[in-house]
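Enquirer: The listed protein sequences correspond, in order, to chains H and B. Under numbering that gives the first Met the number 0, the first residue of the first sequence carries the number 0, and numbering increases by one thereafter. Under numbering that gives the first Met the number 0, the first residue of the second sequence carries the number 0, and numbering increases by one thereafter.
The set of hints was computed from the structure by calculation and includes no laboratory data. Treat the hints with care, as some may be off.
Claimed, not checked - Far from chain B, some chain H residues (derived; all Cβ distances over 12 Å): (1) T28; (2) A68; (3) V71; (4) A123; (5) F138; (6) P167; (7) L177; (8) G178; (9) V188; (10) L207; (11) K222; (12) C248; (13) V264; (14) L268.
What the hints assert, rightly or not - Label pairs and their computed distance ranges (CB to CB): (15) G102/H - P47/B: 39 to 47 Å; (16) P47/B - V101/H: 49 to 57 Å; (17) G102/H - A219/B: 54 to 62 Å.
Every residue gets a Cβ at the ideal spot worked out from N, C-alpha and C, and that includes glycine.
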Amino acid sequence: MIRAWLLLLPAVVFLGIFFGVPIALVAVTSFIAKGGGLALDQYRRFMLDGFYRSFLTESILVSVVTTAACVVLSFPVAYQLARARSGVRGVFLTLLIAPLMVGDVVRGYGWLVALGDFGVVNQALMWLGVVEKPVRLIFTPTGVVLGLVEVLLPFMVLPLAAAIGGIPAELEEAARSLGARHARVFRKVVLPLSLPGLAAGVVIVFALSMGSFAIPLFLGGVKVNMVGPLIFQQATLTVDGPFAAAVSCVLFATSLLLLIAYAWVGTALRGEPGGR
Amino acid sequence: MESRADRSITTSAEVELDDIAKRFGATEVLHGVSLRVEPGQFICLLGPSGCGKTTLLRILAGLAEPDRGRVLIRGRDVTRTPAYARRIGLVFQNYALFPHMTVRDNVAFGLDARGIRGATAAERIEKALTLLQLVGLERRYPRQLSGGQQQRVALARALVLEPDVLLLDEPLSNLDARLRQEVRDQIRAVQRALGITTVFVTHDQEEALTLADRIVVLRAGAIVQSGAPLEVYRAPRDLFVANFLGDANVLRGRVRRAGSSAVFVTEHGLELPVDAAASDGAAVLIVRPEAIVLDRDRGAVRGLAGSVESVTYRGPTIDLRVTLEGGERLRVLETLPGREDTRVAQRVRVRWSERDAVVLPAEAS
Numbered sequence: 000m001i002r003a004w005l006l007l008l009p010a011v012v013f014l015g016i017f018f019g020v021p022i023a024l025v026a027v028t029s030f031i032a033k034g035g036g037l038a039l040d041q042y043r044r045f046m047l048d049g050f051y052r053s054f055l056t057e058s059i060l061v062s063v064v065t066t067a068a069c070v071v072l073s074f075p076v077a078y079q080l081a082r083a084r085s086g087v088r089g090v091f092l093t094l095l096i097a098p099l100m101v102g103d104v105v106r107g108y109g110w111l112v113a114l115g116d117f118g119v120v121n122q123a124l125m126w127l128g129v130v131e132k133p134v135r136l137i138f139t140p141t142g143v144v145l146g147l148v149e150v151l152l153p154f155m156v157l158p159l160a161a162a163i164g165g166i167p168a169e170l171e172e173a174a175r176s177l178g179a180r181h182a183r184v185f186r187k188v189v190l191p192l193s194l195p196g197l198a199a200g201v202v203i204v205f206a207l208s209m210g211s212f213a214i215p216l217f218l219g220g221v222k223v224n225m226v227g228p229l230i231f232q233q234a235t236l237t238v239d240g241p242f243a244a245a246v247s248c249v250l251f252a253t254s255l256l257l258l259i260a261y262a263w264v265g266t267a268l269r270g271e272p273g274g275r
Numbered sequence: 000m001e002s003r004a005d006r007s008i009t010t011s012a013e014v015e016l017d018d019i020a021k022r023f024g025a026t027e028v029l030h031g032v033s034l035r036v037e038p039g040q041f042i043c044l045l046g047p048s049g050c051g052k053t054t055l056l057r058i059l060a061g062l063a064e065p066d067r068g069r070v071l072i073r074g075r076d077v078t079r080t081p082a083y084a085r086r087i088g089l090v091f092q093n094y095a096l097f098p099h100m101t102v103r104d105n106v107a108f109g110l111d112a113r114g115i116r117g118a119t120a121a122e123r124i125e126k127a128l129t130l131l132q133l134v135g136l137e138r139r140y141p142r143q144l145s146g147g148q149q150q151r152v153a154l155a156r157a158l159v160l161e162p163d164v165l166l167l168d169e170p171l172s173n174l175d176a177r178l179r180q181e182v183r184d185q186i187r188a189v190q191r192a193l194g195i196t197t198v199f200v201t202h203d204q205e206e207a208l209t210l211a212d213r214i215v216v217l218r219a220g221a222i223v224q225s226g227a228p229l230e231v232y233r234a235p236r237d238l239f240v241a242n243f244l245g246d247a248n249v250l251r252g253r254v255r256r257a258g259s260s261a262v263f264v265t266e267h268g269l270e271l272p273v274d275a276a277a278s279d280g281a282a283v284l285i286v287r288p289e290a291i292v293l294d295r296d297r298g299a300v301r302g303l304a305g306s307v308e309s310v311t312y313r314g315p316t317i318d319l320r321v322t323l324e325g326g327e328r329l330r331v332l333e334t335l336p337g338r339e340d341t342r343v344a345q346r347v348r349v350r351w352s353e354r355d356a357v358v359l360p361a362e363a364s
């Protein structure tokens, strides 16, 4: 028993040094006041200044929409992935993961080209006669959401597919034999039993979206205010270490809160005798 | 026995499968199976794994589509009707209970899906729970139940809808021996009480023999034999059926006809009188172990001489291997008590009644 725990030691030490210590340093830095000493100045500035607060609200808004879009888009994909024959599933998985091989900087640039005023999307829309003038897509929240959904979709599909894969196909067949049409089978059987996977996907996608950097930078520019680029700008351009640290801590706290909520929901689901 | 003509006039079959064929990729798992199930009948589809019995059941349920043929339930062609619109009750090997619902919600599921709610639903749920002795367990979740209880919930869930047909796919195979018998008897009792037409899939011959009004033996995607349990057991159409339904002693040889009588001559030259209807040529003789009479009398002259090779006591029965003088080996099953003194190497004579022996042409083996 003790020996098994010892095996965890290297990972714990590594995370302690390279994750725990920097976080602690950032946390301490965030409390440094202008003239020296410790204070909540940085947090006050971030939360009370409407301009800075808009970074947090806009990040949350974009992340909520992104997460919701991912949920809706992922369910059919995850279902097919989970129920596909193993050969087909391999191909499916590769296609799903392949975009992850290309960093999001490359994809951000790709989206910039595609969504630009004279990009592929607008050209196509104009050619089809849907619009007369180019539609503003880049440097709008819509553009950022589009890019984020594309980048983050696999992180929703994978946990969801794992959860659906754990639901015996017989349960769906039983439901159908009892008179349930597809929509009811989904609502009453597949959805409730895949909730743990869905919750995991929501947490991952929301957290990644809140902290995203390259996509908001490319597709949001200076028009969409998100926390990731703000931290980068404060830390490297404005060289306001304490402020960047405070924003980082707010971001970290948001993700942490979400994780705690997930753990709580998870226990609640398991606590109910039918939960799986 | 009602005649075929009678049947076609008085009733249309409750369930009718007409020339059902199904292939998965390159392999055809069902080659044109036709089957009629009369109202209230309990039939067992019996066969080894891979014989197509489960596929046939799935086609009946609407969970698989046949490549050819028709499925009729109460005279209505439902071949292309989806499962949810057929009035069938389906019970799975693994019960397939909804793990996130209580016993009551599991049973209510089908009623709710058909828009039956409120007092009517409550009444029917109550009836089903009472019938399957589940009262008091309504608020439990499936994982809090024993295997036998889970299977009863699965039955209640299917029966509460008062389906036209009840389909059961190896419902007993996940239960231990004692429970299996209990649930088996329960299924039979409930089926009799409701008079519901039932199709039961199994690979267990004992289940089929004890439960069915009619056994349908399947092999490699085709029906080999169909009939009342005793009929199929006593008069198997071929060696496969003989061996699949219980144990069979098989002697190889040929039939020689002499005038109005016939004898079976074994490979070792033993001559056994057989039913006069047997035709000339290479044949096999099948006799059940329990049909053989063992004579321990030293002075006995009737029957075939041999010696006891092994003796196994099985509680109520005694299981003997006897080697005949010609070298043929037979299994003999006798009922205790009174046979306890049998010894290995004891000289015995064996015989059986002509009507207990089945003679089949060799090609049927």
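Enquirer: Could one say that the CB atoms of G102/H and P47/B fall in the range 39 to 47 Å?
Expert: Distance hint for G102/H, P47/B is violated at roughly 56 Å.
Enquirer: Against chain B, does G178/H keep a CB gap of more than 12 Å to every residue?
Expert: violated, 4 Å
Enquirer: With d taken as the least Cβ-Cβ distance between L268/H and chain B, does d exceed 12 Å?
Expert: violated, 9 Å
Enquirer: Per the stated criterion, does the least C-beta distance between T28/H and chain B lie above 12 Å, as a non-interface residue requires?
Expert: holds, 47 Å
Enquirer: Is the claim that P167/H lies outside the interface with chain B correct, judged by CB distances over 12 Å?
Expert: violated, 7 Å
Enquirer: Evaluate the condition: distance from the CB of L207/H to the nearest CB of chain B exceeds 12 Å.
Expert: holds, 29 Å
Enquirer: Are all C-beta atoms of chain B more than 12 Å from that of V188/H?
Expert: violated, 6 Å
Enquirer: Grab the minimum beta-carbon distance between A123/H and chain B and tell me whether it stays above 12 Å.
Expert: Non-interface label on A123/H holds, nearest chain B Cβ at 39 Å vs cutoff 12 Å.
Enquirer: The output says V71/H does not contact chain B. Does that hold with a beta carbon cutoff of 12 Å?
Expert: holds, 22 Å
Enquirer: Does the Cβ distance between G102/H and A219/B fall inside 54 to 62 Å?
Expert: For A219/B against G102/H, whose Cβ atoms are near 56 Å apart, the range 54 to 62 Å holds.
Enquirer: Would the non-interface assignment of V264/H survive a Cβ cutoff of 12 Å against chain B?
Expert: Fine: 15 Å to the nearest Cβ keeps V264/H off the interface.
Enquirer: Are all beta-carbon distances from A68/H to chain B longer than 12 Å?
Expert: Holds, because the least Cβ-Cβ distance between A68/H and chain B comes to about 27 Å, which exceeds 12 Å.
Hint compliance for this structure: hints 6, 7, 8, 9, 14 and 15 are broken, all remaining hints hold.
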